[in-house]
Amino acid sequence: MAAAKISTSTVVMDDGVKLYVKFHGDVSDTTKPLIIGLHGGPGLGNHTALDGTLGDLASSFRVLVYDARGSGVSDLVGPYTHERWIKDIENLRIWAGAETFVLAGHSYGGFIALDYAISHPNRLSGLILIDTWTVGTLGQMGALANILTSDRVQNVDKDRQLRIWSGNLLSDQDYQDGITEILAFYSPPDEEGAPKKPATPAPMPADLFGPHKPFHIHYETQNWAFGWNLPRFDVRKKLKDIKASPSLSRPTLTRSPALVFPLPCGVVPTLITVGRHDQVTPVSFALELEKGIPNSRLEIFEHSSHSPYVDEPDKFRDVLLDFVKSKVL
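Take 1 as the starting number for the sequence shown in my numbering and just add one per residue.
Calculated from the structure, these hints are not laboratory results.
A couple of the hints might just be wrong.
Stated by the list, open to error - DMTMM-like, lysine to aspartate or glutamate: derived pairs with alpha carbons at most 25 Å apart:
#, residue 1, residue 2
1, LYS327, ASP51
2, LYS325, ASP29
3, LYS158, ASP115
4, LYS325, ASP314
5, LYS327, ASP241
6, LYS87, GLU181
7, LYS237, ASP314
8, LYS327, ASP151
9, LYS327, GLU99
10, LYS327, GLU299
11, LYS5, GLU290
12, LYS22, ASP318
13, LYS238, GLU290
14, LYS5, ASP29
15, LYS87, ASP115
16, LYS240, ASP314
Given these sequences and hints, build the entire structure.
Below you can see the structure in the form of C-alpha cells.
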C-alpha cells in the first residue's frame, strides 16, 4: 500500500488567526474518517508530539495534527482559553470537511479534548485520552508536589517550578530553564523488564527547543493555561455527558452504508491510557476517567511515564490500532 500523502498548511481561523497544520492523507477525500490530535504543553509542545503515533493510522484515517494557537509556529494571538481552543478545533473540523471525527489529546491536550467532548459529543466518533487529568487545581498541586519530592530530579529551583505550575512565568528563558531541569521527571525510572531503548546521547536543550522541534517556548501561553484556565477546569461531574445522541446512526460515524442502525446513548468510544510511573497525570486520574465516562476502556502501560507512546511505542501502537478497529471503524 502506498504511503499516505503528507502536506502542511496554514489554516485561517474565523478570527483571522493562522494555525500551522500537518495532514496525513488527502484533505478532500471525505470518504475516510478524520482524526485530530491535540498536543500538550501550551506554549511548549507542538504538532510533533502526536505526529508519528497518529500517523500510523493514516492507512485508515485522514490524520490532522497542528500547533495550537499560541504554540509552535502558529500565531501568538489570544485569548488562550479552552473556549477559544475548542472553536479552533471546530474550524479545523469544518476545514477538513468532517461531520464527525476522532479526537485524541495528550496531557493538556486531553483537558481540551474532554471539554470538547462534553460540549460537542455528537461530533465525536471516538475519543483518545493520553495521560491526562480531570481537575486543574488538584492536578497542578499534585504535579508540583511530586516534582519537589522526586528522586528523579535534584536541585530544582523551587520558586521557578512554582511559577511554571501556577502560571506566573517571567520569560521564555524562565520557562525553558524550568523545563530543562525536570526533563528526567517525564521519563520512567530504569527497571528490570522494561523495553530496551536505543542507546542515544541525552538530548541537549539546543536539540529540543525551537521551531518544529519538540519544544517551542511561548511563556505567555503557559501563563494563560495554568494561571487562568486550569483553576476553572473541573470535569469530574460532567464525564457522564460524554455520550452521543441516539439519533446518530452508524453511517454518520463510519461512512459505511452497509451498517445502518440507531446507536444508543453512551456511544462515544473512549480509550484512556496512562503510564504506571506517570507522576504528572497519575493513574488515579485515569481510573477516575474510566469510572466516569460511559463506554470507556483503560490501558495502563507498566513501563511508561507521561508519554507511553514514546516509552512503549510498539505496545501503544497495538493498543491504538485495536481500539480504532474494534470501536471506531
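Non-conforming hints, listed in increasing numerical order:
Structure breaks hints 3, 6, 7, 8, 11, 16.
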